[in-house]
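Q: Sequence:
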Amino acid sequence: VYTNSVPAGAFRGYGLGQVVFAVESVMDELARRTGVDPLVFRERNIIGPGEPMLSPGGEEEDLEIASYGLDQCLQVVRDA
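Residue numbers (our numbering): 1 to 80.
No lab work stands behind these hints, which were simulated from the structure alone. Glycine included, every Cβ here is placed at the ideal spot set by N, Cα and C. It cannot be assumed that every hint is accurate.
[To be verified] What follows is a list of derived Cβ distance ranges for each label pair:
hint: 1; residue 1: N45; residue 2: G15; range: 22 to 28 Å
hint: 2; residue 1: L16; residue 2: P52; range: 31 to 37 Å
hint: 3; residue 1: V77; residue 2: G57; range: 29 to 35 Å
hint: 4; residue 1: L16; residue 2: F41; range: 35 to 41 Å
hint: 5; residue 1: G69; residue 2: V26; range: 31 to 37 Å
hint: 6; residue 1: V76; residue 2: I47; range: 16 to 22 Å
hint: 7; residue 1: E60; residue 2: R32; range: 29 to 35 Å
hint: 8; residue 1: E29; residue 2: A66; range: 28 to 34 Å
hint: 9; residue 1: S67; residue 2: L16; range: 35 to 41 Å
hint: 10; residue 1: Q18; residue 2: C73; range: 17 to 23 Å
hint: 11; residue 1: E59; residue 2: M27; range: 21 to 27 Å
hint: 12; residue 1: L63; residue 2: R33; range: 27 to 33 Å
hint: 13; residue 1: C73; residue 2: V36; range: 17 to 23 Å
hint: 14; residue 1: S55; residue 2: M27; range: 25 to 31 Å
Kindly produce the complete structure, drawing on both the sequences and the hints.
A: Okay, structure coming up:
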């Protein structure tokens, strides 16, 4: 019986927490080394509405992002 449900994998949450932790740790380290507040560093690197998404090779992806809420989240953190 083919159920198309794998027990673990990149799209089922397996390992994602570790990857996000690593990326956010690097963002904090880059902010620290450049003398920029970590929240400001993230704001400067947000993909804005209408901006192209680039692949690691520099090719433009055929995606359009309106907002994924990071700017709103940063404002909530700043106000806390």
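Q: Does each hint hold? Answer for all of them.
A: Results of checking the hints against the structure:
| no. | hint | verdict |
| --- | --- | --- |
| 1 | N45 / G15: 22 to 28 Å | holds, 23 Å |
| 2 | L16 / P52: 31 to 37 Å | violated, 25 Å |
| 3 | V77 / G57: 29 to 35 Å | holds, 33 Å |
| 4 | L16 / F41: 35 to 41 Å | violated, 22 Å |
| 5 | G69 / V26: 31 to 37 Å | violated, 21 Å |
| 6 | V76 / I47: 16 to 22 Å | holds, 19 Å |
| 7 | E60 / R32: 29 to 35 Å | holds, 31 Å |
| 8 | E29 / A66: 28 to 34 Å | holds, 30 Å |
| 9 | S67 / L16: 35 to 41 Å | violated, 21 Å |
| 10 | Q18 / C73: 17 to 23 Å | holds, 21 Å |
| 11 | E59 / M27: 21 to 27 Å | holds, 23 Å |
| 12 | L63 / R33: 27 to 33 Å | holds, 30 Å |
| 13 | C73 / V36: 17 to 23 Å | holds, 18 Å |
| 14 | S55 / M27: 25 to 31 Å | violated, 20 Å |
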